[in-house]
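Visitor: Here the protein sequences line up with chains A and B, keeping their order. Quick note: to get our numbering, add 9 to the position in the first sequence (first position is 1). Quick note: to get our numbering, add 14 to the position in the second sequence (first position is 1).
These aren't lab readings, by the way, just hints derived from the structure by calculation. C-beta atoms are modelled at their ideal positions from N, C-alpha and C, and glycine is treated no differently. Among these hints, one or two may not hold up.
What the hints assert, rightly or not - To give an idea of the interface, some chain B residues facing chain A are shown, with a C-beta separation under 8 Å as derived from the structure:
1) Ala-36
2) Ser-37
3) Thr-45
4) Gly-48
5) Leu-49
6) Glu-58
7) Thr-62
8) Ile-63
9) Thr-165
10) Arg-166
Stated by the list, open to error - Cross-link-like lysine-lysine pairs, in silico, DSBU-like; alpha carbons within 30 Å at most:
11) Lys-49/A - Lys-81/B
12) Lys-69/B - Lys-81/B
13) Lys-160/A - Lys-49/A
14) Lys-49/A - Lys-77/A
15) Lys-50/B - Lys-173/B
16) Lys-328/A - Lys-50/B
17) Lys-92/B - Lys-81/B
18) Lys-49/A - Lys-69/B
19) Lys-81/B - Lys-173/B
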Amino acid sequence: MTALADVSYFEPWWAQIIKSIAIFAVIFAILPVLIVYERKLLGRFQGRYGPNRVGPFGLMQPLAEIVKFAMKEPFRTTTSIGTLYRLAPVISIITAVGALAIIPWGDVQHIFGTRFGLYGIDVSIGPLYVFALAGISFYGVMLGGWASGSKYSFLGAMRGAAQLISYEVSQSLALVGVVITAGTLSLTGIVHAQEGMWYFIPQIVGFLIYMVASFAETNRAPFDLLEADSEIIGYFTEYGGTPFVSYLFAEYANMIVVSAIAVTLFFGGWLLPFGIHPPGWVDPFVVLAKIVIVFTFFIWVRATLPRLRYDQLMSFGWKILLPLATLNLLVTAIVVVT
Amino acid sequence: MTYDPSADVIEVIREPAPSPAASVYRTFGETLRGLKTTFARIAEGPTTIQYPEEKTPVYPRFRGRHKLHRFEDTGLEKCVGCSLCAAACPADCIRVVAAENTPRNRVSAGERYAAVYEINISRCIFCGYCEVACPFDAITMGHDYELSDYTRSDLIFTKEMLLAESIERAPLRTEDE
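Bound conformation, chain A alone:
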């Protein structure tokens, strides 16, 4: 067991590079598939097919759309602030991608006599790293809305800022319960601690709070006030073309991160129930399958719930979720200590 404030490096430098490229490539190959998966599933929920024209089963739809977006003229409003306007989507996507680094896809493997951890990096601060990056990604939203030089974008950004701040509190508090139970902040350590029982059973309240707060954090329905399609007050109102795609991809990458954290902290990461122990190379697929299941739940909720009113959003966050999360934390702490 390493010291708590350590980053456990044991791989050679080239292994780190290979791993980061592999994670990046795989996630960005999955993202478009997830987008088309969401749209098709959303269609099924609404009694229709969803995209099925481009390519086999409509799988080429995101590719066609990316090409369309990439060919668009890079316009900006005259009132916008150039550098910040260009920087904001970059901040969003970098923070989203950065958070992918700590998702544990599997245990430490022995390949060719070298030890490989099937994760980008095993930091001893685990969830805090994700929250730190989520805190920075808020700048992407805020700067994007402000630098657009449009009052609607600015209104959207203000909403987004308020929403992200309110729900991040509950989200982090919900995870503290798991951290206390596991006794470690390292994500791999938390997965190992779940070998007896997955944490969503003892931490069911924390899980529910985490999921609700995650919907708000990733700007998904029913908390998608940031985009609010029907009102068109979103922080990316003035964005088009590739910057818009970066925001879109950042949103979906964030969803993957949030799903992956839920899988790692509540659904036992790469562990399988009923004492099944597959060989090590299966682990990433187990994690991916679990992520897709959580992602499906995200879509399901999006198809079900209407958007909240803004005051409902705020009062729900501060008056229901935060007290619940605090209570959950206190009860967990008392149970663990006694």
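Assemble the complex: chain A is given as a structure, and chain B must be docked to it using the hints.
Guide: Here is chain B on its own, set in the frame of chain A:
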């Protein structure tokens, strides 16, 4: 008498504020009920008709593109060029020019026949009055509804086009549909 605004104020009757337990139930219980509802839609399957590949079936009395008819035994046109359809047409989209049948050139069963019979589909409102007005059932409304074209002049259907069997047929609705 001066207007008293307070007389028009209706007191709003509100429900008592829900208890915390009721709030929690509303937050999670009702959400679960909604999730069940949407999931039932997946079980039902899509109701979309994939239009260019599958066409919407029509009812037997559907009023689509017009058809002109011939007698099945003799092959003569039923239309005698009486112009009653043109008179009945509220959109004024039918043009009939009649001509006399001669023993050499016998086109219809009656004395006269329609030398020119044109329907301007772009003006037609598919009311079916022409069908009602026709004393010989020479013109009826068919089932075709795919009538778009690239130019307006292509939408003027001549007698030959109306007499010919339509190339693509709209499927007819079955009994249980």
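Visitor: All hints, please: hold or fail.
Guide: Evaluation of the provided hints:
This hint is violated: Ala-36/B has a C-beta 12 Å from the nearest C-beta of chain A, more than the 8 Å allowed. At its closest, the beta carbon of Ser-37/B sits 7 Å from a beta carbon of chain A; the interface hint therefore holds under the 8 Å criterion. Taken as an interface hint, Thr-45/B checks out: its beta carbon lies about 7 Å from the nearest beta carbon of chain A, inside 8 Å. Annotation: Gly-48/B was flagged as interfacial toward chain A, and the flag holds, the nearest CB pair being 4 Å apart, inside 8 Å.
Annotation: interface hint on Leu-49/B holds; nearest CB of chain A at approximately 5 Å, less than 8 Å. Hint status for Glu-58/B relative to chain A: holds, with the closest Cβ pair at about 6 Å, below 8 Å. Because the beta carbon of Thr-62/B sits about 5 Å from the nearest beta carbon in chain A, less than 8 Å, this interface hint is met. Taking 8 Å as the C-beta contact cut-off toward chain A, the hint placing Ile-63/B at the interface is violated, the least distance being around 10 Å.
The restraint placing Thr-165/B at the interface with chain A is violated, with a minimum CB-CB distance near 28 Å, outside the 8 Å limit. The criterion of a C-beta within 8 Å of any C-beta in chain A is not met by Arg-166/B, whose closest approach is roughly 30 Å, and the hint is violated. This hinted pair does not check out: Lys-49/A and Lys-81/B have alpha carbons roughly 42 Å apart, beyond 30 Å. Distance hint between Lys-69/B and Lys-81/B is fulfilled; the C-alpha atoms sit about 20 Å from each other, no more than 30 Å.
Annotation: proposed proximity of Lys-160/A to Lys-49/A is violated, straight-line Cα distance about 34 Å (limit 30 Å). Distance check on the hinted pair: Lys-49/A and Lys-77/A sit about 20 Å apart at the alpha-carbon level, within 30 Å; holds. Proposed proximity of Lys-50/B and Lys-173/B is contradicted: the alpha carbons are some 57 Å apart, above 30 Å. Restraint check: the Cα-Cα separation between Lys-328/A and Lys-50/B comes to about 27 Å, which is no more than 30 Å; the hinted pair holds.
For the hint linking Lys-92/B to Lys-81/B, the alpha-carbon distance of about 11 Å falls within 30 Å, and the restraint holds. With a C-alpha separation of about 22 Å, the suggested pairing of Lys-49/A with Lys-69/B holds against the 30 Å cut-off. The hinted pair formed by Lys-81/B and Lys-173/B meets the criterion: a straight-line CA distance of about 9 Å does not exceed 30 Å.
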